[in-house]
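Residue strings, one per chain:
Protein chains: 6
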Amino acid sequence: MRGLIVGRFQPFHLGHLSAVKEILQQCDQVVIAIGSAQYSHTKENPFTASERYEMIHRTCEYEGISDRALIVPVTDINQNALWVAHVRATVPEFRVIYTNNPLTMRLFGEAGYEVRQTRMYSRERYCGSLIREQMINGGHWEQNVPEVVVERIREIRGVERIRAIFNLSKDISQ
Amino acid sequence: MRGLIVGRFQPFHLGHLSAVKEILQQCDQVVIAIGSAQYSHTKENPFTASERYEMIHRTCEYEGISDRALIVPVTDINQNALWVAHVRATVPEFRVIYTNNPLTMRLFGEAGYEVRQTRMYSRERYCGSLIREQMINGGHWEQNVPEVVVERIREIRGVERIRAIFNLSKDISQ
Amino acid sequence: MRGLIVGRFQPFHLGHLSAVKEILQQCDQVVIAIGSAQYSHTKENPFTASERYEMIHRTCEYEGISDRALIVPVTDINQNALWVAHVRATVPEFRVIYTNNPLTMRLFGEAGYEVRQTRMYSRERYCGSLIREQMINGGHWEQNVPEVVVERIREIRGVERIRAIFNLSKDISQ
Amino acid sequence: MRGLIVGRFQPFHLGHLSAVKEILQQCDQVVIAIGSAQYSHTKENPFTASERYEMIHRTCEYEGISDRALIVPVTDINQNALWVAHVRATVPEFRVIYTNNPLTMRLFGEAGYEVRQTRMYSRERYCGSLIREQMINGGHWEQNVPEVVVERIREIRGVERIRAIFNLSKDISQ
Amino acid sequence: MRGLIVGRFQPFHLGHLSAVKEILQQCDQVVIAIGSAQYSHTKENPFTASERYEMIHRTCEYEGISDRALIVPVTDINQNALWVAHVRATVPEFRVIYTNNPLTMRLFGEAGYEVRQTRMYSRERYCGSLIREQMINGGHWEQNVPEVVVERIREIRGVERIRAIFNLSKDISQ
Amino acid sequence: MRGLIVGRFQPFHLGHLSAVKEILQQCDQVVIAIGSAQYSHTKENPFTASERYEMIHRTCEYEGISDRALIVPVTDINQNALWVAHVRATVPEFRVIYTNNPLTMRLFGEAGYEVRQTRMYSRERYCGSLIREQMINGGHWEQNVPEVVVERIREIRGVERIRAIFNLSKDISQ
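Residue numbers (the numbering used here), protein chains in the order written: chain A, 1 to 174; chain D, 1 to 174; chain Z, 1 to 174; chain S, 1 to 174; chain E, 1 to 174; chain F, 1 to 174.
Bound conformation, chain A alone (with noise of 0.2 Å):
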């Protein structure tokens, strides 16, 4: 049995890990969709799809369980009447979603899919709006993520990019 989980993994953090070894305990394997793929360079999603597959991937190498992630990476359409269409004609099949988003929860139970819920591990410390902060401020985000994204993310001045960014949108607009 194959279980879903969707996020934008900006960056995957401590607590995406934890939810993907929960669901792991449940599922044969996991499907990783990272959403909002065509994204980045922007506050709220500073990494390229490609970057947040390689940052993923790492990790479960390192973690030993790449052979049961499956890794996906989805545009976003902006119309959430076909969302889950979409999500079904991109990743492979997948028979539970695990999700605590409440649009995700609804949007799923409606199409009748079977959904679950991931326990929060400290969301007050995994989380990726609190990261990407931690980031501009020279905050300990480091703490927060694998390492071996850490590592992705200096290799890619990935703390560079954000704080551009962040000037950019604290900027006087042109």
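Because the hints were derived from the structure by calculation, they are not lab data. These figures come from a predicted structure and were not determined experimentally. Even glycine gets a Cβ: it sits at the ideal position worked out from N, Cα and C. Keep in mind that a hint or two might mislead.
Short, incomplete list of chain S residues facing chain D, as computed with Cβ under 7 Å [unchecked claim]:
#	residue
1	A81
2	H86
3	A89
4	A111
5	V115
For each label pair, taking beta carbons as the anchor points, the in silico distance ranges come out as [said to hold, decoys possible]:
#	chain 1	residue 1	chain 2	residue 2	range
6	D	D76	S	E93	19 to 29 Å
7	S	N100	F	K43	34 to 44 Å
8	F	L24	E	L24	37 to 47 Å
9	S	R116	E	D67	23 to 33 Å
10	Z	L24	D	Q117	38 to 48 Å
11	E	L24	F	Q25	48 to 58 Å
12	Z	R157	D	N167	53 to 63 Å
13	S	R125	E	D67	29 to 39 Å
Knowing the structure of chain A, use the given hints to seat chains D, Z, S, E and F on it.
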């Protein structure tokens, strides 16, 4: 002669109904264009075009005006300069447009259409965003929409959907 | 109960009208979805959704069935896997789909809809592409479409438009 | 007064140049709209908008008419009913459109523009698709385009590109 | 050598003109890319690409630099990772990009382009969003844009348009 | 080092498998990009990205190479000039691209990538369009695809789907 009214109808409320009746006093038929047709399951646009069509159709049947009302979903194209051409290519021919929206007035006015305003029937009460808030907060939204619309929203469990979406928006983003 | 029929209606001809009447013998109402709604001024799709809506609406009025016919333009999204979800989100609720098109049969069948075929009323005569050719070659196309559609096509000088487009296609491309 | 000419200019050839000069005999300035701007590297559209802009700009400089020629790339939107509005919103104001294309004549004519035809300077010779074929087959394409365009096509190794694309099209698809 | 400057030019103001002149001290020609070309009639983007092209073109003619300025509308594609490739495929070849925008600096820098900053000519005065506010509030916006731009904005009744859009935004949404 | 192979994999056949194995003799890992990911249920693209992902994943598991194969659906963007940037932003980092397609060779070559060709394993037999024809005509298509792919195609009744689509294409269009 046909008059056009464009709205998002999220949901179709008594103010909309008043405007439709007012137009039918001046025109033989009314074209009701459901704008932002492709959106749904968001705070601003909770209902699908399908659901909004049904609300309007049932109301028109109930009011005995369905043979004079032509309902047409129109997708947003997000390019204002093409908007009038897009509406014209989608909905059946019309001669006057009724609107209180300054941008719509301007776009159709510049294109040479006769633009008329509708009277404002207690805009404080009959207002989509207020009705959506009443749905979230447990207010008496039912007073502000036609009975058959209340019925339809119950059938599709619309209030629950809006609350799910509202919780989502308040939520800390991943 | 409502039945759905999907077509491009380029133009709406007597075969389409027969199918609509057949559906109304089995259903209370018919939803007439105008497919490929965004296209016009091409050899395959000469008329706008607006013009096709008008043809169908006038025919339904003339036939006295306009209160039982719900006409809805539906844009192409060019992703077959999302097609059923897209139609469902756009047109008012329906229970059966009537079609003789193998792909449509398959897509709606896979989605769990009841699919019925309509009888074939002299398909050699009532066929959109043949009628368009008759328009180009000066054939008796008027015999194959409802009278009010003939009238409408004359009003918009539709035959001239098709000939202009046909010349274009034969032309050596720039 | 400004005249508009729309073309794909794949590549910009001597027939195009003649038309531009003819327009400048009747108008103060010519707006040269590069259509299908987003396409490149296909059999019908081998060159990018950037490359086509360069070809036209260099030719106008060489001919001493660059101060009277306004070059503007225009993307295809694939909805003919919106085409005129799209062109109008993109290129600087113009009063007459020059074209020999029946569809363009019709669309701008319906929109109320004055449409003029340009004389046909040996259309057998100055024709984009023939010139592209000459490039593939080793014919004397250089005779049919301005010298500075020949030069530019050599710089970007355009003939090799067209041949690569042509081989592709002949190839058995995967 | 050519330098590229990208802006939305809503409207083209004296700060933009200074930057263009500065670039022309360093380069033979300047490519002026009009970004967000498809948008208009919004608070952030009131003017069409057509209108902005005209403002810039007239200013360049007035300043006697029109033979050294290549104006090109560029649509937004809303995918930052493709932005540089998109600009390159649309505008004529350039070697240096001039920008003070941190994201643009980063994207073009990563792609290997030489990025230069322009001096900031009283950014408090020459700033698109402030000028648009002055238009709304009856401030002296005319001091901050070239005279021919003032003239053009009057011709198209641009101030009235911005006010109509501004009223819309303040308005309670339907 | 990683090598990239791009294909539509309609379906994934023994020629594709040979190419993948060949790449794995030269590289540590292979990135398998499923092109035209958004299309399905057409003659050229019968299977969804989901189904193609499954075919490839099962084959890699069967062959014991799933830990070295990174499968990624990539949507078509229909703008060749942006194609390389789009692939780079979607799939995990790679150093060499393997292809026999002249256009792909050209686009990646121009972008500075090392391009290698794969040996042609009886291209007459292992060819997507021939295999699809065999499915339609009752030929021995099973010989040309991996066993687990045969199995998968049977599970989803793929041959029947292709026949339905083929009948459609032969059919007189409405």
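Okay, the hints, checked on the actual structure:
{"no.": "1", "hint": "A81", "verdict": "holds, 4 Å"}
{"no.": "2", "hint": "H86", "verdict": "holds, 6 Å"}
{"no.": "3", "hint": "A89", "verdict": "holds, 4 Å"}
{"no.": "4", "hint": "A111", "verdict": "violated, 9 Å"}
{"no.": "5", "hint": "V115", "verdict": "violated, 18 Å"}
{"no.": "6", "hint": "D:D76 <-> S:E93: 19 to 29 Å", "verdict": "holds, 27 Å"}
{"no.": "7", "hint": "S:N100 <-> F:K43: 34 to 44 Å", "verdict": "holds, 35 Å"}
{"no.": "8", "hint": "F:L24 <-> E:L24: 37 to 47 Å", "verdict": "violated, 55 Å"}
{"no.": "9", "hint": "S:R116 <-> E:D67: 23 to 33 Å", "verdict": "holds, 27 Å"}
{"no.": "10", "hint": "Z:L24 <-> D:Q117: 38 to 48 Å", "verdict": "holds, 39 Å"}
{"no.": "11", "hint": "E:L24 <-> F:Q25: 48 to 58 Å", "verdict": "holds, 56 Å"}
{"no.": "12", "hint": "Z:R157 <-> D:N167: 53 to 63 Å", "verdict": "holds, 55 Å"}
{"no.": "13", "hint": "S:R125 <-> E:D67: 29 to 39 Å", "verdict": "holds, 31 Å"}
Checked against the numbered hints listed earlier, the structure breaks hints 4, 5, 8; every other hint is satisfied.
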